[in-house]
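*Asks:* Take a look at the letters that make up each chain.
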Amino acid sequence: MTFQTMVLQLSRGFLTTLSIFFLTLLGSLPLGLLVYFGRKSRFAPLRWLIKVYISIMRGTPLMLQIMVVYFGPNLLLGLSIPQNWRFWAAITAFIINYAAYFAEIYRGGIESIPLGQYEAAAVLGYSKSQTFFKIILPQMVKRVIPPVTNEIITLVKDTSLASAIAVVEIFTRARQIVVAPNSPGMLTFAVAAVFYYVFNYLVAFTMERVEKAFAYYR
Amino acid sequence: MNVLELRNIRKSFGELEVLKGISLSVPKGGVTAVIGPSGSGKSTLLRCATLLEDLDGGDVIYEGKYAVRDGVTADKASLRQIRRCFGLVFQNFNLFPHYTLLKNVMDAPVHVQGRNAAEVRDEALELLKKMGLQEKADAYPCQLSGGQQQRAAIARALCLKPDMLFFDEPTSALDPELTGEVLKVIRQLAEEKMTMVIVTHEMPFARMVADHIVFMDGGVIVEEGDPEQVIGDPRQDRTKAFLRRLER
Numbered sequence: 634m635t636f637q638t639m640v641l642q643l644s645r646g647f648l649t650t651l652s653i654f655f656l657t658l659l660g661s662l663p664l665g666l667l668v669y670f671g672r673k674s675r676f677a678p679l680r681w682l683i684k685v686y687i688s689i690m691r692g693t694p695l696m697l698q699i700m701v702v703y704f705g706p707n708l709l710l711g712l713s714i715p716q717n718w719r720f721w722a723a724i725t726a727f728i729i730n731y732a733a734y735f736a737e738i739y740r741g742g743i744e745s746i747p748l749g750q751y752e753a754a755a756v757l758g759y760s761k762s763q764t765f766f767k768i769i770l771p772q773m774v775k776r777v778i779p780p781v782t783n784e785i786i787t788l789v790k791d792t793s794l795a796s797a798i799a800v801v802e803i804f805t806r807a808r809q810i811v812v813a814p815n816s817p818g819m820l821t822f823a824v825a826a827v828f829y830y831v832f833n834y835l836v837a838f839t840m841e842r843v844e845k846a847f848a849y850y851r
Numbered sequence: 004m005n006v007l008e009l010r011n012i013r014k015s016f017g018e019l020e021v022l023k024g025i026s027l028s029v030p031k032g033g034v035t036a037v038i039g040p041s042g043s044g045k046s047t048l049l050r051c052a053t054l055l056e057d058l059d060g061g062d063v064i065y066e067g068k069y070a071v072r073d074g075v076t077a078d079k080a081s082l083r084q085i086r087r088c089f090g091l092v093f094q095n096f097n098l099f100p101h102y103t104l105l106k107n108v109m110d111a112p113v114h115v116q117g118r119n120a121a122e123v124r125d126e127a128l129e130l131l132k133k134m135g136l137q138e139k140a141d142a143y144p145c146q147l148s149g150g151q152q153q154r155a156a157i158a159r160a161l162c163l164k165p166d167m168l169f170f171d172e173p174t175s176a177l178d179p180e181l182t183g184e185v186l187k188v189i190r191q192l193a194e195e196k197m198t199m200v201i202v203t204h205e206m207p208f209a210r211m212v213a214d215h216i217v218f219m220d221g222g223v224i225v226e227e228g229d230p231e232q233v234i235g236d237p238r239q240d241r242t243k244a245f246l247r248r249l250e251r
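Chains as they are written, first to last, in this note's numbering: chain A, 634 to 851; chain B, 4 to 251.
Isolated chain B, as found in the complex:
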């Protein structure tokens, strides 16, 4: 079964139709990279999939459970269950500034999932260590670099043990010298067979880490498939033009 199934997703902001019927399947362990020019709808797609936006039409299905059916969002209780399926890493991290890193990571598992605080604490420390932040557990977000904050945000998402993770341009807000450390962590997660959907501008990274590339433009999926094919040997003119522009 696919972890995530999007069927014919439609979304408009006023007169502007941003998503014109997008369908996408994410199998367990799969890494999908969504690429495309600004305004192509890729961030909106991600926001719809993570239920931050209401849809105008289509289905969002996690593990066979409908979060949205024909554009209608499921009831609160079902949503609470379904939200446990995924985590989201934001472009701007969105850590809670008044919490230490450890509390940022621990708080939702304890107070949302109702798990044992001592157990969660051990897991949270383990995750921070994995992200190279073991020394920073008691630091506040403002004391960290952007790269460190983003790695902490990844730890926070992972501590809820989601079935899959979304990344919304996870390195776009970072200085170039800090993108490497974040991409390394994502690559490591891919090796551990974490199911992921990554909206990114980092083409070499997408090619390396993803097993499926989706190229979006103008609210539709123009081309999708194997990275070597989509990036290495694109068939559609729009994909070719986009990749050429990036090379310049």
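Looking at chain A on its own, in the form it has when it is part of the complex:
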């Protein structure tokens, strides 16, 4: 196998990696906010349920969660698994896992906002939802950028866990190439590493720009 073929095949795998990455963020960033609302709900059973959910998501390996989501419908419910479930099972597992972490990050951000902001809003007559969406949420977003950046960078690397259920993203592809006859060997892993590293470099760079865009106030 030539070097070019290897890079080309890894690139195709990397497109799947990117799909997992962006779909996970698209689902988990907003879902995290809903989870936060559940965590703070006045309805105790919901609050309790969400706490258990967060606890399980943080307390068990993501790889195992991916397996459960992938095999669960068949093993637990006896459903037959369609071919494309592989990919969507991975996406589902990533989203519900990352939403739990984002919910806790949001909670930290929201609870760090001084009580005076709520009191000022109350005295000015803002409703509860106006207070949250106009006053609290924008300030929360600024505060959580550094921890969210951390999570996003971790996610780039975590996408490789989809390999556990044979989703053909870049890591699965690299393993396949390495064991193939007359493969470029270790060089394949090195190239895969470059893909991850360069992409994470771009992520960090972008998030730094986002952080700067919020620097107009303190």
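If you are wondering where the hints come from, they were derived from the structure by calculation, not from laboratory data.
All residues carry an ideal CB built from backbone N, CA and C; glycine is no exception.
Careful: at least some of the hints might be erroneous.
Pairs of lysine-lysine residues, derived as BS3-like cross-links and limited to a Cα-Cα distance of at most 27 Å, are as follows [as the list claims (entries may be wrong)]:
| # | chain 1 | residue 1 | chain 2 | residue 2 |
| --- | --- | --- | --- | --- |
| 1 | B | K196 | B | K68 |
| 2 | A | K767 | B | K164 |
| 3 | A | K845 | B | K139 |
| 4 | B | K106 | A | K761 |
Okay, the calculated bits of chain B under chain A, using three or more residues with CB under 8 Å as the criterion [unchecked claim]:
| # | stretch |
| --- | --- |
| 5 | 58 to 72 |
| 6 | 143 to 150 |
Beyond 10 Å from chain B on every Cβ pair, some chain A residues (computed) [what the hints assert, rightly or not]:
| # | residue |
| --- | --- |
| 7 | Q642 |
| 8 | G671 |
| 9 | K673 |
| 10 | S688 |
| 11 | I689 |
| 12 | P715 |
| 13 | A797 |
| 14 | G818 |
| 15 | F832 |
| 16 | F838 |
Start from chain A and add chain B according to the hints.
*Replies:* Here is chain B on its own, set in the frame of chain A:
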């Protein structure tokens, strides 16, 4: 009719009784200064009057409308109406840091009161000008001094056209050289016959601007009346002791 009427207000935090039955009337155009040592309950009184704390007992009445009756807070819809009666200026300003000064001042009149944005904008700019902040309309709170922030907070409260304003130690978070500019603005409002209740440690200011002084200690009103009398010639021993301590 009094703008504000407090009747026998009681408030405890756990075992600690902070307000032990406070009654106070604020007539239209009146300026009441509340003085007293730390822990006397004056800030709690203000927080109860502005409905930031639930009461354990007593009435809070604005313009004849009950906000709290026998310790029970009115329903949401009534409260929304009643909240329009008053504004509050905080010790720590509590401006919204992600909004410019103009937006801080404009936002509630437009989005809470549903007033016309262009009209509110003109009024907000006028208020900022009155506060000496016309150049700062597009600045963010973090770019301003404490004194400027506090004046912006006063403009924000005024833009809702309240019947009265509360001030919770409006100069306590400021450097001494910045207190003057804030006190000047409050004095100007007093001259315009704005109804105000001011919790303050600035005794000379209280004496000058207020027409009624309330001295609180230990959760009760120990003495109240004309400034010259309460500060100049106090009758109660506790008032005398407090004022003597300040002089030292």
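*Asks:* Is the claim that K673/A lies outside the interface with chain B correct, judged by CB distances over 10 Å?
*Replies:* Fine: 20 Å to the nearest Cβ keeps K673/A off the interface.
*Asks:* Against chain B, does P715/A hold up as non-interface, every C-beta pair farther apart than 10 Å?
*Replies:* holds, 46 Å
*Asks:* Does the claim that A797/A lies outside the interface with chain B hold up, using a Cβ gap greater than 10 Å?
*Replies:* holds, 42 Å
*Asks:* Does the alpha-carbon distance linking K106/B and K761/A stay inside the 27 Å limit?
*Replies:* Holds. K106/B to K761/A sits at ~19 Å (cutoff 27 Å).
*Asks:* Taking a Cβ-Cβ distance under 8 Å as contact, does the stretch 143 to 150 of chain B have three or more residues in contact with chain A?
*Replies:* Three-residue rule met by the stretch 143 to 150 of chain B, so holds; n is 3.
*Asks:* Take the stretch 58 to 72 of chain B, compare each residue's beta carbon with every beta carbon of chain A, and decide whether three or more fall closer than 8 Å.
*Replies:* As far as the stretch 58 to 72 of chain B goes, the hint is violated, because 0 residues have Cβ atoms under 8 Å from chain A.
*Asks:* Is the nearest Cβ of chain B still more than 10 Å from the Cβ of F838/A?
*Replies:* Its Cβ never comes within 10 Å of chain B, the nearest being 24 Å, so this holds.
*Asks:* Next pair to validate is K196/B with K68/B; report whether the Cα-Cα distance is within 27 Å.
*Replies:* holds, 22 Å
*Asks:* Hey, K845/A versus K139/B, does the alpha-carbon distance stay inside 27 Å?
*Replies:* holds, 22 Å
*Asks:* Can we trust that I689/A is non-interface, i.e. its beta-carbon lies farther than 10 Å from all of chain B?
*Replies:* I689/A is indeed farther than 10 Å from all Cβ atoms of chain B, at 35 Å.
*Asks:* Using Cβ atoms and 10 Å as the threshold, tell me whether G671/A really stays out of contact range of chain B.
*Replies:* holds, 24 Å
*Asks:* Find the nearest Cβ of chain B to the Cβ of Q642/A and say whether that gap is larger than 10 Å.
*Replies:* holds, 47 Å
Hint compliance for this structure: hint 5 alone is broken.
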